[in-house]
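Generate the whole structure from the sequences, applying the supplied hints.
What follows is each chain in one-letter form.
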Amino acid sequence: MRVAIVQSKPRKGDFDANVRDLGAAFAQLAAADEPYDLIVAPEAALTGYFLEGAVYERALEAETLALLLADLWRAAPGSQRKGVDIALGFYENAGGAYYNAALYLHVEGAQHEIVHVHRKMFLPTYGMFDEERFLSRGRRLQAFDTRFGRMAILICEDAWHGIMPTLAAVKGAQVLLVPSASPGRGLAAGSELESVQHWRNVMRSYAIEHGVFVIYAGLAGFEGGKGMTGSSSVIDPFGETLVTAPALGACVLSAEIDVSDVDLARSRLPLLGDLRSVLPDLLFDPDVMPHLTQPGVA
Amino acid sequence: MTLLPIIEAPKLRPPDLTIDTALATEWLVAFLRDELVERRGVRNAVLGLSGGVDSAVVAFLAVRALGAEHVHAIRMPYRTSSPDSLADAQTVIDALGCAAHTIDISGAVDGYLALEPEADARRRGNVMARTRMLVLFDQSAKLAALPVGTGNKTERMMGYFTWHADDSPPVNPIGDLFKTQVWQLARHLGVPLRVIDKPPSADLEANQTDESDLGITYLQADRILSLMLAGRGDEKIVAHGICASDVALVRRRVENTHWKRHLPTTALLTNTAINEFYLRPVDY
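Read top to bottom, the protein sequences are chains A and B. First residue of the first sequence: -7, per this note's numbering; consecutive thereafter. First residue of the second sequence: 4, per this note's numbering; consecutive thereafter.
Since the hints were made in silico from the structure, they are not lab data. Mixed in with the good hints, there may be bad ones.
If you want the footprint, here are the derived chain A segments under chain B, 3+ residues with CB under 8 Å [what the hints assert, rightly or not]: (1) 246 to 256; (2) 267 to 279.
Which chain B residues face chain A? A few, computed with CB under 10 Å, are given here [claimed, not checked]: (3) LEU6; (4) PRO8; (5) ILE9; (6) ALA12; (7) LYS14; (8) GLY44; (9) VAL45; (10) SER229; (11) MET231; (12) ARG235.
Don't be surprised by glycine CBs; every beta carbon is placed ideally from N, CA and C.
Quick look at the structure:
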């Protein structure tokens, strides 16, 4: 599977310009000698991340966005050569409920199909973050089948909770898509910001522990003084970073991945099989889920 | 329209045979101390010093682990062995200041082979290798020392050794290092350059080299083996730009020599069969 990550740098409040930029990136990718199978874009890729109350003006229904993206792809010269899958983070208006979401779309000729919509479950609401003030949280983590294997989407803080990639892997995900918008912070870590290093550490550890590909799409650009740290990456199921982007600036990452490497990685480090058998004991434990415990049952 | 810069992942990651030689040294020195001194209470090591790089590396490691006075390097020439082998081994002995012994195996080998005048080169080579094993174990008894093995991973995987001869010592510090990694370690340890740089040879026949025997260079074999052992199929190995006939050669050698990497096959007859039902770890 040939994957491109569009590390976008949207202009706040100029949705049309951001769509044009994405269209230009699509044109660039569609014209490539070797066609791409999957294009991944960051969290809030077409709007910027910090929208506060403006999120209600910029949120779209999933189908509206799917149509927009499909048309944008079809408008790119060369895009008709073969079908493409597109995963992109956006603010979703689902009948008046608003989510930080990501869409996984398949476009084939004149047809398109929404394969999955993930709604961010962990909404950061501390310090500079205020997501839960404006948004509802997703209620379910699902893995979903694609043409290239089973995947799951974790949006930004979703992926900072180890149980999310863990459950995604238990649900069969072979590829984790992680659209993100991470304001950079921490100057003590050396050549990279501490927050970037933390991302690299956790993603690599998930890839190794569960034998999954991690495709991380980081938003770039400054938003009111907060610098989004790009650093998009593709990590293979052995924990090797195949390609990574700088923190600053828009770019495209390109990588060829073989999803069957997941099988190989899991045969060498079969932790996921062990986890599947132990996980119920860990979860159905009164200390972990007291509300599931019947009164009087130890 | 401004084009975005495209950062392309490498199509293929070539097998990386590079090792951290300082770390490997620290680990292997600790291994030798643990196996000989702590586990077995043996302070001395005995090893066959051929003049090649593998045994030189093991000698250097053993001296670091046990001290030069506790390492006995045994040279075991046969009458057709290259004089260069003896001289190269001497440079290692001189560099280390370890105890050195030279025991000519010609009498023992020829004594037996006189009864088998039709023996071909392969049989003769095996007799020499097994005679050296016999000498090494007897010297270990004489010197209150443990034999230390010197076989590398490449020759073990390719089955390029005499069964129950080269592979017989109870401990081997370099058996999980490919030949190209042994070369790296040799440079780090300060093995004399003439030993590192000469063409590897079993020196069982005149002008013999390992790479001509094997039909492939060690570098190429190690690249293939490292991909193969990582679970890569032949098609993927060939995709690394490695020629298919080399891959087939290595695959064939590996597939035909599994037995050489095992103890003898014992018929299982009871539910107390050793190593099947009766199971105890080697260091129990």
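To see whether the hints hold, each was checked on the structure:
no., hint, result
1, 246 to 256, "holds (count 4)"
2, 267 to 279, "violated (count 0)"
3, LEU6, "holds (6 Å)"
4, PRO8, "holds (5 Å)"
5, ILE9, "holds (5 Å)"
6, ALA12, "holds (4 Å)"
7, LYS14, "holds (6 Å)"
8, GLY44, "violated (37 Å)"
9, VAL45, "violated (35 Å)"
10, SER229, "violated (13 Å)"
11, MET231, "violated (12 Å)"
12, ARG235, "holds (8 Å)"
In this structure, the earlier hints numbered 2, 8, 9, 10, 11 are contradicted, and the remaining ones agree with it.
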